[in-house]
Structure formats: structure tokens, C-alpha cells
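Place chain B on chain A using the hints.
Each protein sequence line maps, in turn, to chains A and B.
Residue numbering for the first sequence follows this note's numbering, beginning at 1 and increasing consecutively.
Residue numbering for the second sequence follows this note's numbering, beginning at 1001 and increasing consecutively.
FYI, nobody ran anything at the bench for these hints, they're computed from the structure.
Mixed in with the good hints, there may be bad ones.
[What the hints assert, rightly or not] Each computed DSS-like pair below joins lysine-lysine, with the alpha-carbon atoms no more than 27 Å apart:
#: 1; chain 1: B; residue 1: Lys1103; chain 2: A; residue 2: Lys110
#: 2; chain 1: B; residue 1: Lys1167; chain 2: B; residue 2: Lys1196
#: 3; chain 1: A; residue 1: Lys121; chain 2: B; residue 2: Lys1051
#: 4; chain 1: B; residue 1: Lys1098; chain 2: B; residue 2: Lys1141
#: 5; chain 1: A; residue 1: Lys51; chain 2: B; residue 2: Lys1103
[Said to hold, decoys possible] Now the stretches of chain B that chain A is said to cover, found in silico as 3 or more residues with beta-carbon under 8 Å:
#: 6; stretch: 1055-1067
#: 7; stretch: 1071-1083
#: 8; stretch: 1095-1103
A virtual CB, placed ideally from N, CA and C, is assigned to each residue, including glycine.
Protein chains: 2
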Amino acid sequence: MAEVKLFGCWYSRFSWRVEMALKLKGVEYEFIDEDLSNKSPLLLKYNPIHKKVPVLLHNGKPIAESSVIIEYIDETWEGPSILPQDPYERAMARFWVKFIDEKCGVAMWKAFSSPGEEGEKAIEEAAQLLKYLEEEIKGKKFFGGENIGLVDISANFIGYWFGIIQKIVGLELLTKEKYPNLCEWIDGYINHSFIKDNLPPKDKMTEAFKAYARPGY
Amino acid sequence: MAEVKLFGCWYSRFSWRVEMALKLKGVEYEFIDEDLSNKSPLLLKYNPIHKKVPVLLHNGKPIAESSVIIEYIDETWEGPSILPQDPYERAMARFWVKFIDEKCGVAMWKAFSSPGEEGEKAIEEAAQLLKYLEEEIKGKKFFGGENIGLVDISANFIGYWFGIIQKIVGLELLTKEKYPNLCEWIDGYINHSFIKDNLPPKDKMTEAFKAYARPGY
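Just chain A, same shape as in the assembly (with noise of 0.2 Å):
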């Protein structure tokens, strides 16, 4: 048995986060791809209160929750770190992840997935939540600074998935108009080696999230 195992699906934006923090971190894995409408009962078994994706197994012992699962990834391993040394900075990478992850992020795909009113209620609403992040990158190369970090690695709905499924439902939400900041930050992004290399290709990604779009786009 591998030491460390994966439970992700190739297009989960949560699954992906995990994996970036495992190849950061230099941690061999192997990555079990779960088909997300015939879930494994392995899966259901290591995360039976949410069963979902993403599932870190390590040494037999289950962990759920990209999160929490990074934050482990962070402590366990050596290497770079994932999450900033001083306890001020480390809050506000916090801060921003619970943002991205339950307002941010909730909003933008309510925005493609929702039909009528709460689809266009959570285009605004999202489009106000991205005024946030387009402030706290005013400046700066990545939200970790200098290099990549865990809000960098967190905001890849925004830095990547998002540009994608808002042409498959042809949302104008996230563009270079309105968010010049937040836009230069993708760019400098996707285009990172490390990012770079391990984006699932967009042909793909858009096939895959078409089933999700709201109906009647």
C-alpha cells in the first residue's frame, strides 16, 4: 500500500488544491480519480460525514477537507511552506481562504450553476465579493507574496476554473475591465511553472463542466 493516497476527481477545484500542496511539498502520492456520480465505497468509507473529495489516506489514517487536508500536508511534511511563518500573516491566509471558500467561491458558482433570479442575485453578489480580492492583490505578484502560497493555491477557481465555465454559460463576470488587478494576478498564474504544469487542459474542463451550467444559457 502507497503511504500516501489520494481520493480527488481531475476537474474538483478542492482535489486540485491538494495535490498542489502534495507536489509543493515533494510528497509522492497516488491520486485515486473518483468518478463524482459513482463514488468509490472506499471514498464513503474514509469521509462518510460529507462524501466528497478531496480524502488524503496517510499511513491508513483519512483526512477530509482541503483545508484541513493542506494545513496537515503543511505540518507533516518538510519543504517549502505552504502557509507564512509569522502568526499575523498566517490568520489573514486564513481569513482569505474561508472567504474564497464560503463566500467568494459559493457566489461565482451559484453565478454559473444557478438558474433564474439566484443565478443573477449571485452575479452580483459575486461581482461585489471579487471587489475584495481585487483590493488585497492591488500590489502585489501572489496573494503569498513573492511566490505561490496557500491563498494562492486556493484561489485557483479564480485563477483558473472560473475563466473557463464563465465562456461555457458566456458570463462576462471576471475580466480585465473590471478587475485589472485580480487579472494580472491569473496571469502571473497560470503562467507559473509550477501552476502551469499541472492545470487540467481547458478542452477538457470545459466538457466536463458544461453538465453543471445553468440551464437555458
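Coordinates of chain B only, in the frame set by chain A:
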């Protein structure tokens, strides 16, 4: 200016958690009790995104989100550890806090406050979700083992708040018959000297929460 200020609210479960973390570490702080219906300009300045308590101000630098603040406190001050030392145990503690915040606590709050069908659905959901905690606490004194830890502090809504507010609406969701292990934990929790000495008074809590109860209870 005091070195540590906490913008909170005496009956907020999130604010209380941070107070417990500060007290556990023996940190002196100034408590600013916010009127949630008329928040102070300082609170809005320090937490412009969520506009919520708690906000910790340490040496003039603000931190929002109770779970983020508690990790900051644990990393910044000496004293008893709030999170476990072992990385896997830390991951499990973080997992349960997320579960309490994002799932269990949300459903329990709706069970208490949402009218009609939404409330009924939440009661069923909360009943299911509480089973996971009932299983997790089985055979343990506290979620943190022999001592109060992160999960115990963060489960205050289940340990104290909910017992009071379910009475307001005549709900019998969290009972000894249905959740014997959880109720045994609750008993040990509210009688633990550190917790007991810091719980807001029941009568005052009942009055404060009546305004949030589901209409027509």
C-alpha cells in the same frame, strides 16, 4: 491603548469562543460589547467584509472569524495548547470545528429560528448531524480527551446555548434519550470549573434569544 481588544457580544457563541481561548492562555484583554443592531464604526472598520463580531485587535492589527482568531491566539501566546500537538489530531480537531460551524450549528440555528417547512427540514437535518457528534464523543470525557480543547470550546452552541434556546420554542431535539453520550459531555462541560465560571446567565440568554426564535412557536 490596551494591547489586546476583543470586539464581541456577550451572547454571541463565536465571540465567547475567542474569550475562552484568551482566558485559557491567560491573556488580558479589553472586551468591547457590541450592540449587534447598531454596530460600532470601529467594528465596521476592522471587519469591513463580514461586519461581524468577533474581531480581535492585537497591537492595532485586526483579525476576524472566530476559528482564525483562535488559531492565532494558540500560536501567539504561551500557555496550555488549545489545538492538539499531533498533526493528525490537529487535523481532526479542525475537521470537527468545520463540521460544527458549517453543518451542525447551521441546521440547529435554523431549527430554532426558521419558520415553516425550512425549520422542519432543519430539525430533521440537525437530528441526523448530531448523531455524528454523539458517536465522536462516545467514551471520551471531552472532545479534546481529558482536557477542554478547540472542539469543546467551539461546540459551545451544543454544550450550552442550544439547551437554552430549544426551550424557548419548545423543541426537544437535543435530549438525554436521543443523545446520551452528548448529554453526558454537556453535563461535564457546563460543570467544568473553567467553563462554568464563564457562561452567560441562563435568564439573560433566554431574553436575548427570544427575538431570534421562529415566528409562531
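Hints versus structure:
A hinted pair counts as satisfied when its Cα atoms are at most 27 Å apart, and lysine 1103 of chain B with lysine 110 of chain A qualifies at roughly 19 Å. Between lysine 1167 of chain B and lysine 1196 of chain B, the direct Cα distance comes to roughly 20 Å. Compliance with the 27 Å bound is thereby established for this hinted pair. At most 27 Å may separate the alpha-carbon atoms for a hinted pair to count; lysine 121 of chain A and lysine 1051 of chain B meet this at roughly 20 Å. Distance hint between lysine 1098 of chain B and lysine 1141 of chain B is fulfilled; the C-alpha atoms sit about 21 Å from each other, no more than 27 Å.
Among the hinted pairs, lysine 51 of chain A with lysine 1103 of chain B is consistent with the structure: their alpha-carbon atoms are about 14 Å apart, no more than 27 Å. With 6 residues bearing a CB less than 8 Å from a CB of chain A, the stretch 1055-1067 of chain B meets the requirement of three and the coverage assertion stands. Here's how the stretch 1071-1083 of chain B fares: 4 of its residues keep a CB closer than 8 Å to some CB of chain A, so the rule of at least three is met and the hint holds. Interface restraint, the stretch 1095-1103 of chain B with chain A: holds (5 residues with C-beta to C-beta distance below 8 Å; minimum three).
Every hint, counting from the list given before, is met by this structure.
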